[in-house]
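Enquirer: Top line first, the protein sequences correspond to chains E and S. Using the numbering used here, the letters of the first sequence correspond one by one to residues 252 to 844. Using the numbering used here, the letters of the second sequence correspond one by one to residues 79 to 447.
Since the hints were made in silico from the structure, they are not lab data. Owing to the predicted nature of the structure, the values given are computational and were not obtained by experimental measurement. Hints are supplied without guarantee of correctness; some may be wrong.
[Stated by the list, open to error] A short list of chain E residues far from chain S (calculated; beta carbon distances all over 12 Å): (1) K319; (2) K362; (3) D582; (4) Q597; (5) L676; (6) P691; (7) S751; (8) A760; (9) K769.
[Claimed, not checked] Restraint-style ranges between C-beta atoms, simulated for each label pair: (10) S:L111 / E:A288: 53 to 63 Å; (11) E:E363 / S:D185: 46 to 56 Å; (12) E:P488 / S:N169: 24 to 34 Å; (13) S:N169 / E:K362: 44 to 54 Å; (14) S:R201 / E:T551: 32 to 42 Å; (15) S:D300 / E:T292: 51 to 61 Å; (16) E:S553 / S:R201: 50 to 60 Å.
Just so you know, even glycine gets a beta-carbon here, dropped at the ideal spot from N, CA and C.
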Amino acid sequence: MAAPKKGRGASAQSKPGRSLVLILIAIVAMTGGMFLAGHTTPRLGIDLAGGTSITLKAKADQGSAINKANMDTAVDIMNRRVNGLGVSEAEVQTQGDDHIIVNIPKGTNSKEAQQQVGTTAKLYFRPVLASEPSGGAAPKPSPSTSSGASGSPSPAASPSGDQKATSPSGAPSPNATATSQGRAVSDALKADATPSPAGSASAKSSGAPAKPSPTPSANADAAKLQAQYAALDCTKPAERAKVGKAGKPGEPTVACGEIDKVWYKYVLGPAAVDGTEVKNAKAVFDTQGASGWQVQMNFTSSGAKKFADITGELAKNQQPQNEFGIVLDGDVVSSPYVQQAITGGQAEISGRFTQEEAQSLANMLSYGALPLSFQEETVTTVTAALGGEQLKAGLLAGAIGLVLVVIYLVAYYRGLSLVAMASLLVSAILTYVIMSLLGPAIGFALNLPAVCGAIVAIGITADSFIVYFERIRDEIREGRSLRPAVERAWPRARRTILVSDFVSFLAAAVLFIVTVGKVQGFAFTLGLTTVLDVVVVFFFTKPLMTLLARRRFFADGHKWSGLDPRSLGAKPPLRRTRRPSGPTTGPVDPKGA
Amino acid sequence: MSKLGNLGARLHRGEVSYDFIGKRKIWYGVSILITITAILGLAVRGLNMGIDFQGGAVFTTPTKMSASVAQVEKYAHDAAGHEAVVQKLGNGSLRIQIAGLDTAKSDQVKQTLAKDLKLDPERLNADLVGPSWGEQIANKAWQGLAIFMVLVVIYLAIAFEWRMAVAALVALIHDITITVGIYALVGFEVTPGTVIGLLTILGYSLYDTVVVFDSLKEQTKDITKQTRFTYSDIANHSINSTLVRSINTTVVALLPVAGLLFIGGGFLGAGTLNDISLSLFVGLAAGAYSSIFIATPLVADLKEREPAMKALRKRVMAKRAQAAAGEAQGESRSATGEPSDGAAPAVVGPRDQSVTRNRGRGRPSGKRR
């Protein structure tokens with residue numbers, strides 16, 4: 252570390268005012284922002300403020316029993332869904348054999364959380380064998396009138412441009428544009444996974460009247476499916492609920508989907524790709540097309556292959572059998588058509604999502620489907636897990652501790668303690684404001700461990716000043732006057748502060764990236780306080796010290812300044828040269844630190 | 079100026095110093111003793127895991143309860159012998175969670191609780207709950223810790239040197255073992271707060287060690303260019319010169335925690351805060367102690383094995399023997415803390431030798447402060 256040489260003063264000392272103004276502006280701006288945003292207190296965790304408690308009851312699904320392993324997996328997945336960023340301090344635990352309790356701190360969007368934990372998120376890509384708008388008890392001969400019951404326009408007249416299956420531009424594969432325009436009633440009904448040419452040949456083009464006339468099939472299942480399809484009325488929620496639960500991934504099924512406020516019903520082939528093949532998913536805003544928010548998925552390599560195969564097959568067919576239905580928990584969320592095989596392992600789901608919907612769906616797909624489906628049993632508020640009286644006692648005790656810290660600092664550092672306390676105050680204000688702002692921004696919630704972390708942070712922050720003050724005092728003991736001492740002490744103190752804070756920050760960063768749940772929340776608090784420590788020391792403590800060194804009270808070493816050379820035991824021979832003009836500082840130390 | 083301020087000046091001048099390195103064996107012994115006690119406590123008593131880790135029982139009372147949350151907490155604690163978490167639900171009923179109960183025990187507690195609350199046991203709904211701190215959270219936390227340890231050792235090895243990295247790691251393990259051991263001995267319930275407290279300590283312990291090492295590194299930079307001090311001498315002076323900082327920082331860090339632990343836990347009865355503040359208090363104290371008494375002497379030990387340092391020690395010893403033979407006065411000064419050096423110029427390393435021989439030669443390393 253190069254110590255400031257004789258040229259000290261010019262650059263180093265002209266800045267302090269600016270830094271101080273800068274950090275004050277930052278504080279005022281953030282505090283203003285906090286009041287403007289209306290979130291003047293940090294969100295408190297469930298242990299401090301209570302919140303909402305949701306009880307979910309597991310329902311046995313096809314093929315997965317309600318057992319401990321499945322329940323534990325469900326808890327893990329739910330935990331990750333509600334704690335997406337790890338800082339929201341939600342708690343998930345099993346109760347009894349088949350219940351899961353989810354506790355969400357006050358101030359969280361509990362509706363959204365309810366949806367996030369309750370959604371099973373089973374995702375399948377199924378080839379569409381037939382589809383038509385659903386409005387009446389039975390499909391009418393002409394699709395243009397079939398949707399009359401729900402008052403929605405005919406499919407031909409309602410092009411839904413948001414139906415797309417595209418490889419994102421830039422991907423190696425050719426784009427497959429899609430539209431639901433021309434969605435026609437198909438009479439092709441097959442139990443087979445691959446639509447046959449015969450089936451697609453009978454499909455009519457858009458708007459053309461078409462009668463559902465089943466292809467002769469010996470398969471009784473197909474006939475049953477056909478009957479189901481014919482009877483299905485997707486505008487009725489009860490029927491939708493029933494049909495959504497019935498489908499097994501390995502068999503063809505009927506399903507409902509709402510597209511542009513029109514309910515469509517589908518006959519879908521067996522699942523070709525499922526949600527477990529999704530490596531990750533994210534919500535993106537489609538800037539080129541008009542489809543708005545959509546969910547972009549990356550498949551695993553085997554998923555990518557399967558997806559390329561199925562889209563390749565589908566592309567050979569005609570409407571609607573070149574479509575595939577993206578089925579989430581039994582509902583068709585979108586049914587884009589394919590023109591070419593989509594390779595590259597990426598797919599998008601678009602379906603008039605709002606940003607929140609897209610993000611929550613992406614979140615759910617990334618963390619996987621629940622092994623069981625759940626039904627909400629109760630939603631109720633809960634009070635804080637920590638008794639209010641205890642918390643008050645704790646806070647009082649902490650305050651007493653802080654008063655002791657102040658007394659100690661004043662006794663030891665005298666005038667310098669003002670700098671220390673002002674720095675601690677700035678640090679505290681910044682921490683408080685940032686935590687308050689992060690509540691609504693990323694769902695940050697302050698819980699008891701975080702409060703304790705903040706208390707320890709007092710020590711780490713104060714240590715930075717103490718390291719610096721001790722360096723300054725050492726310089727004064729060498730016989731330097733205050734101004735050069737302040738400047739010379741800084742580079743060395745700075746290195747110590749940076750090196751040691753880096754270790755803390757490393758801990759915070761690694762833990763934040765790797766861990767989940769409360770540990771992640773803690774890592775966040777640690778990282779925040781560490782960064783703030785560095786910011787405060789660089790932009791507040793050091794400039795303030797530089798400014799104060801110009802005051803006679805400190806520069807002359809008043810005995811209450813904490814920098815009195817006599818009581819510090821400065822070397823007598825050099826003490827007389829402690830005026831800033833003293834020439835001794837240069838030659839004494841040609842090497843620097 | 080306060081006495082401590084004077085101490086600072088005298089430490090700076092080297093008038094007062096404690097031979098940390100020379101007496102390291104005593105402190106190693108003390109630490110090993112404490113660590114063994116901690117491990118024994120851990121092995122014999124084990125950790126009392128809270129409901130978040132091992133699950134337990136949950137009791138839901140009917141609505142319209144007359145008993146207050148604090149009262150129920152006391153009843154539950156008396157009935158089960160564990161800390162209970164009592165929460166009021168939106169409909170007015172109470173949710174009582176108690177760790178470590180199985181079905182049989184839970185029935186027993188249910189009867190007692192119902193009697194305390196003057197309820198028909200039938201109306202007190204009991205159920206077992208699983209841990210909210212799932213295995214996955216724990217596994218990921220361990221994984222994160224392991225990665226962090228590896229990275230921090232690499233970082234310290236680059237920023238300082240591998241010996242310091244090893245010493246810092248030993249100090250870290252020392253601190254964590256002691257803290258966990260205290261938990262086993264006191265028998266406090268381990269909550270997620272405890273784990274967070276341990277992680278905080280981990281950060282603080284390393285932080286404190288690094289601050290002390292930084293001074294050590296600075297002072298030993300040009301060590302081979304002089305023949306007056308061995309590595310241990312300089313390491314010792316380094317500790318002494320940062321001692322005031324270490325004391326101040328520890329006091330400032332410990333005071334709020336001590337307030338929480340002794341005043342909050344002791345007089346005001348903030349029971350739930352006890353566990354976290356205890357882990358922090360013990361951990362912070364251990365962290366500060368190990369940086370000075372364990373980590374730095376360990377570095378000196380490792381460093382003295384290095385050929386260059388061995389050669390240096392030989393040269394220093396030869397020189398001292400020569401000086402002792404030639405200059406009887408120098409010998410008499412070698413006791414530490416002679417008040418007569420007060421007016422001497424500041425130098426790195428024990429003041430004593432430098433008083434007599436420093437003026438001419440001491441410049442290169444001597445003028446750092």
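Enquirer: Does the no-contact call for Q597 of chain E survive, Cβ to all of chain S over 12 Å?
Expert: Q597 of chain E clear of chain S: closest Cβ-Cβ about 28 Å, beyond 12 Å.
Enquirer: Range hint 53 to 63 Å: satisfied by the CB atoms of L111 of chain S and A288 of chain E?
Expert: About 55 Å separates the Cβ atoms of L111 of chain S and A288 of chain E, which means 53 to 63 Å holds.
Enquirer: Please test the hint of 24 to 34 Å on the beta carbon pair from P488 of chain E and N169 of chain S.
Expert: At roughly 28 Å between Cβ atoms, N169 of chain S and P488 of chain E fall inside 24 to 34 Å, so the hint holds.
Enquirer: Taking the Cβ atom of E363 of chain E and the Cβ atom of D185 of chain S, is their distance within the range 46 to 56 Å?
Expert: Given a distance of about 39 Å, which is not inside 46 to 56 Å, the answer is violated.
Enquirer: With 12 Å as the threshold, tell me whether P691 of chain E passes as away from chain S on beta-carbon distances.
Expert: holds (23 Å)
Enquirer: Say whether it holds or is violated: K319 of chain E keeps its Cβ farther than 12 Å from all Cβ of chain S.
Expert: Its Cβ does come within 12 Å of chain S, the nearest being 8 Å, so this is violated.
Enquirer: Is it the case that A760 of chain E keeps its Cβ farther than 12 Å from each residue Cβ in chain S?
Expert: violated (9 Å)
Enquirer: Regarding D300 of chain S and T292 of chain E, is the given constraint of 51 to 61 Å on their beta-carbon distance met?
Expert: holds (54 Å)
Enquirer: Has the hinted range 32 to 42 Å been met by the Cβ atoms of R201 of chain S and T551 of chain E?
Expert: Distance hint for R201 of chain S, T551 of chain E is violated at roughly 52 Å.
Enquirer: Starting from the range 50 to 60 Å, see whether the pair S553 of chain E and R201 of chain S falls in it by beta-carbon distance.
Expert: Roughly 54 Å apart at Cβ, these two residues keep to the hinted range, so it holds.
Enquirer: Taking 12 Å as the cut and beta carbons as the points, is K769 of chain E off the interface with chain S?
Expert: violated (5 Å)
Enquirer: Does K362 of chain E sit more than 12 Å from chain S, CB to CB?
Expert: At about 16 Å from chain S, K362 of chain E clears the 12 Å cut-off, so the statement holds.
Consistency with the previously given hints fails for numbers 1, 7, 8, 9, 11, 13 and 14, ordered from lowest to highest.
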